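**Student:** In order, the protein sequences belong to chains L and W.
The letter at position 18 of the first sequence is residue 18 when you use this note's numbering, and the numbering goes up by one with no holes.
The letter at position 184 of the second sequence is residue 184 when you use this note's numbering, and the numbering goes up by one with no holes.
Worth flagging that the hints you see were computed from the coordinates, not collected in a lab.
A hint or two may mislead.
Stated by the list, open to error - Okay, the calculated beta carbon distance ranges per label pair: (1) Val127/L / Gly16/W: 22 to 30 Å; (2) Arg190/L / Asp64/W: 51 to 59 Å; (3) Phe315/L / Arg215/W: 23 to 31 Å; (4) Lys60/W / Arg229/L: 22 to 30 Å; (5) Phe315/L / Gln85/W: 35 to 43 Å; (6) Ile148/L / Pro72/W: 35 to 43 Å; (7) Thr154/L / Gln85/W: 39 to 47 Å; (8) Lys60/W / Glu187/L: 55 to 63 Å; (9) Val174/L / Ser13/W: 30 to 38 Å; (10) Leu320/L / Ala234/W: 52 to 60 Å; (11) Leu132/L / Arg215/W: 34 to 42 Å.
If you're wondering where the values come from, they're calculated on a predicted model, not measured in any experiment.
Glycine residues also receive a C-beta, built at the ideal position from the N, C-alpha and C atoms.
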Amino acid sequence: MNARSPWFVCGVLAASLILLFALSLCAGRVWTPWSAWVSGGADPRGAIIFGLRLPRTILALLVGGALGLSGAALQGYTRNPLADPGALGVSSAAALGAVLTLYLGAASETGWILPATAMVGAGLGMVALLALAGVTSSIVTFILAGFIIQTVCTAGISLALNLAPNPWAVDEIVSWLMGSLADRSVEEVRIAAPGVILGSLVLLTQGRALDALTLGEQGARSLGVGLTRTRLSLAIGVSLAVGSSVAVTGVIGFVGLIVPHLLRPWVGSRPGALLWPSLLGGAALTLGADILVRLTPAAEEVKLGVAMAALGGPFFLWMLMAMRRRLA
Amino acid sequence: MSEGLLAETVGLSLGGRLVLDRVTTGFRKGELVAIVGPNGAGKSSLLSCLAGLRRPDAGKVFLDGEIVAAIPARSRARAMAFLAQTPEIAWDVDVRTFVGLGRTPHLGAFGPSTEDAAAVDLAIATTGLGDFAARPITRLSGGERARALIARALAGQTDWLLADEPLTGLDPGHALDTVGLFRQLAHDQGKGVIVTLHDLTLAARFADRVLLLDRGCLVADGPPGQALTPQALAMAYGVRTRTHKGAAGPLIEILRRVD
């Protein structure tokens, strides 16, 4: 595939985002055509658009963008196309932080505790990841470190469920863990937005360092790139973005893995040029998937996290087959 | 004398083993220096200390009077290019993008300038990679890839070029081209070029000066004829050698192991 200018790729993705945005405001259990938008307060469907769908849509953009961008940054740093916040255990760590809050019943008291604990969880996950993987940052040590973190955090979440004092707490935790954008309001947008935006801005500054890392750690250092700062920025950026996303939507996997992987050939494999497209692409994928999920022909809609996981399996299969073809 | 690159009683231990033992030497711009020595003698360690990528445990390295390890990373990268022994190429970028990575320490806030683009073009032309500029780096042959790596180092237009075994895996023709290029960079462009080599004949023929390392110690330092004596080589490598007068320069023949 021919590499194109990152701006061209961004333009295409932004255009598709605008279309999806409009579609997202229309689509759902109740179809709200254009006439319902312009009627102002006269049409009751206006409330659906502005009260329900607009926050949900904005949240999909924020969370999807955060996951896509974090995936691209982690893949660039680890020089590993299989890295993403989910696979490296960062999402699980954020989820553990949030679950402990839900478990202790502290979440209902003030709104910011849940995102704060999720961000702290994600931050600890990132620190543990970088510490466990060490300075070698070989692919195997990174995957292994991520696996360890994920195992430990999943065990912690299971333990919380296991010991939960009442069935409502279990129910709340389980339905939150599956990851969804349903029934989110302006309140959730307000909780997620600062962390996602701040974290994304931090990650977007790391393009040049990620490019230099194409030559490995020693190569990057010989080009004058300070890797301590890169590591710190990555830890802060991913913790803020992923932590505040997980706090409001639960765990939504695979976005951070699929999006950079699909877009990489379009920007000529340059990791720094992949950041903006992955942000836009992650937002588009999440929003598109959420629109489909809303149209589930059943009483209970399919959770977005579940739909993504169902998408992830075949994607991995396809990657495996492509890899085998290349090696054959 | 504060001009140039100076190593002053540099010592380095790795994992409790002394890999460099009080190495003192100096380099000037405009000369090609070859560092030779048996495997594990400390060639790569010395080179990475000189490049400021490793902080010596003892002694200091100075670049024009400043301690290398204390120079801000970006300024140091603008002064010295470093070519690693087994360079990692993580992503399948095209050759032009790859060579452009060498401009990293020069990039302004708004990405590559026309000056950056010109430097990349020049580096590609110097290494004869013009036909491959748009090709993905993984689709190059070993020799072409080695040239792309050198082009990456040249793109920075640094005063110093430090290369760790740049001839590994090159056929005799490409090895000759590469050493010839290094010599030309030193003599015609006035760069300070320091390379570690295993090929003693090429070192003897092309280098202005040869450093012989043996178990972390600098055992010989001078023009090839004075540094690469049979006695010194026997001590360092444990082999008997004889230097012949070849058609193009000295030829160092390896005879047998020292008994």
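**Student:** Does the Cβ-Cβ separation between phenylalanine 315/L and glutamine 85/W fall within 35 to 43 Å?
**Tutor:** Cβ of phenylalanine 315/L to Cβ of glutamine 85/W: about 37 Å, so the range 35 to 43 Å holds.
**Student:** Do phenylalanine 315/L and arginine 215/W keep their Cβ atoms within the hinted range of 23 to 31 Å?
**Tutor:** 53 Å, violated
**Student:** Can the suggested window of 51 to 59 Å be confirmed for the beta-carbon pair arginine 190/L and aspartate 64/W?
**Tutor:** 55 Å, holds
**Student:** Looking only at beta-carbon atoms, does the pair valine 174/L, serine 13/W fall within the given range of 30 to 38 Å?
**Tutor:** 54 Å, violated
**Student:** For valine 127/L and glycine 16/W, compare the CB-CB distance with the range 22 to 30 Å and indicate the outcome.
**Tutor:** The hinted range 22 to 30 Å holds for valine 127/L and glycine 16/W, with Cβ atoms some 29 Å apart.
**Student:** Range hint 52 to 60 Å: satisfied by the CB atoms of leucine 320/L and alanine 234/W?
**Tutor:** Given a distance of about 55 Å, which is inside 52 to 60 Å, the answer is holds.
**Student:** Starting from the hint 22 to 30 Å, judge whether the C-beta atoms of lysine 60/W and arginine 229/L obey it.
**Tutor:** Taking Cβ atoms as reference, lysine 60/W and arginine 229/L lie about 25 Å apart, which means the hint holds.
**Student:** If I claimed the Cβ atoms of lysine 60/W and glutamate 187/L lie 55 to 63 Å apart, would that claim hold in this structure?
**Tutor:** 59 Å, holds
**Student:** Given the range 34 to 42 Å, decide if the beta-carbon distance of leucine 132/L to arginine 215/W lies inside it.
**Tutor:** 35 Å, holds
**Student:** In this structure, is the beta-carbon distance linking isoleucine 148/L and proline 72/W contained in 35 to 43 Å?
**Tutor:** 36 Å, holds
**Student:** Determine whether the Cβ-Cβ distance between threonine 154/L and glutamine 85/W falls within the hinted range of 39 to 47 Å.
**Tutor:** Holds, at about 41 Å.
Of the hints listed earlier, those the structure fails to meet are numbers 3 and 9, in rising order.
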